[in-house]
Structures are given as C-alpha cells and as structure tokens.
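Novice: So the protein lines, in turn, are chains A and B.
Quick note, the first sequence lines up with residues 1 to 78 if you use the numbering used here.
Quick note, the second sequence lines up with residues 79 to 212 if you use the numbering used here.
A hint or two may mislead.
Cross-link-like lysine to aspartate or glutamate pairs, in silico, EDC-like; alpha carbons within 16 Å at most [to be verified]:
#1 A:K73 <-> A:E13
#2 A:K73 <-> A:E43
#3 A:K73 <-> A:D25
#4 A:K73 <-> A:E22
#5 A:K73 <-> B:E169
#6 A:K73 <-> B:E145
#7 A:K73 <-> B:E170
Just so you know, these hints were derived from the structure itself, not from any lab.
This is what each chain is made of:
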Amino acid sequence: MAADLEEIRRMIEEALPGAEVEVVDQTGTADHLGAEVVAPQFEGLSRIDQHRLVKAAVRSRFDDGSIHALSLKTRPAT
Amino acid sequence: MAEPELKEKVQELISGNPVLLFMKGTPEMPRCGFSMRIVQVLDSLDVEYGAVDVLPALQPLREVTSEISDWQTFPQLYANGELLGGCDIVEEMHASGELAEALGVEAPAETGDAVPSSAQDLPAQSPPLQIQRD
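Chain A extracted, bound-state conformation:
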C-alpha cells in the first residue's frame, strides 16, 4: 500500500497551518517521498526539531508502512 502524495501534503498542512508544502515521489513507487516544507512554526527551531514536527504529522503513514523514507528540506517562513 503506497502513500497518496496529496494526502501526505494535506496531513502536513493540517499539522502546520500556514505552511507551504511540496511532496514528491522520489522513486516512482510512492514509498520514498521527498517533502519541502516552509512553515512559520519552524521559527527558532533546530533542523531536527523542524523535521520532528513534519514526521509527527505523517507518523501514521510510517507506522502502517506506506512510507519507507521521507527526505525533508525544511526552513522557517521568512
């Protein structure tokens, strides 16, 4: 069962209101995804804490195996 890119994007946007989110499928198999997230909530957070927020938003998809890997690029909204 592979992840739905649109659903992933929505999950992140719901967890981080106001964020700009882009999700891409890196291997064509919909289980190695890449996401770029720019969010006001990241202000003042270390990279690892920014990543933790995004991963928490999609945790259920890691747990059920639909995502194997999620590459992240995050930065605070300017």
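Got chain A sorted already, so can you dock chain B onto it with the hints?
Specialist: Below, chain B alone, put in the same frame as chain A:
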C-alpha cells in the same frame, strides 16, 4: 516499550563516543543509500567515529531511539551525546560548514588545491561496534 538492556547499551554508546553513527550496514559496506551518503560525508571530514549496524536489531533499536531521541529512522548521527539528525540534516549542515564545527574538526579545504596527506588516505575509524543481545 523499548528493551531496558538494549536502551542502556545504546545510551552507553552515545555517551561513550564523541561521534556515533547508527546506520544500515557498515562504513565499508553500507546497506542503504542514506547510510552511504552519511558515511561519505564523515569520511570527507576525516573524523573518527563509531558505527553501529542497526540491521541485526532494527525494530528494537527503533523503539530505543524513539524513546531516547524521539527519532525512529536510520541513519542517525550523534555528536557529543546529542542527535544531530539523519542524512538530510547532516548533508545540509555539511554544506553550510556547521557539521565540521559540530564534530570539532576543520572544514575541508577548497577542492582543487588541497594536497592530500598520506594519513588522509586511510579513514581513521575504530572497527564497527557490535550490539550484543542475549
């Protein structure tokens, strides 16, 4: 709930190694692309690090690191007892120079003019650390 003995062992490794990498496979033979990339970054900085292959105990180790660092995916790079992050973060930090600083090494010289010393030809790593489980 993480196995207490395994968790204790992991905490010992983290506090006992200035730089510690949890990876899939070994530095000589990484078993995933992200692990391979992190090893390449560390080798380019010529820094000594301990390496733990998580594959023999993957799910138990996920539970341990989840409790210790709120982080479940591998590879994971720890420096001075603190989780820096996985491959994405380590590569970003490397590009900005923050990684060399965090690991207490000199940033690599600009490409082209660097004269490699013979010592740099051999990565100075301790052998991969094994996690013993009864």
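Novice: Hints first: check each against the structure and report whether it holds.
Specialist: Evaluation of the provided hints:
1. Among the hinted pairs, K73 of chain A with E13 of chain A is consistent with the structure: their alpha-carbon atoms are about 15 Å apart, no more than 16 Å.
2. A C-alpha spacing of about 14 Å is found between K73 of chain A and E43 of chain A, which places the hinted pair at or below 16 Å, so the restraint holds.
3. Taking the CA atoms of K73 of chain A and D25 of chain A, the gap is about 14 Å. The hint holds against a cut of 16 Å.
4. A hinted pair counts as satisfied when its Cα atoms are at most 16 Å apart, and K73 of chain A with E22 of chain A qualifies at roughly 10 Å.
5. Among the hinted pairs, K73 of chain A with E169 of chain B is consistent with the structure: their alpha-carbon atoms are about 11 Å apart, no more than 16 Å.
6. A C-alpha spacing of about 24 Å is found between K73 of chain A and E145 of chain B, which places the hinted pair above 16 Å, so the restraint is violated.
7. Among the hinted pairs, K73 of chain A with E170 of chain B is consistent with the structure: their alpha-carbon atoms are about 9 Å apart, no more than 16 Å.
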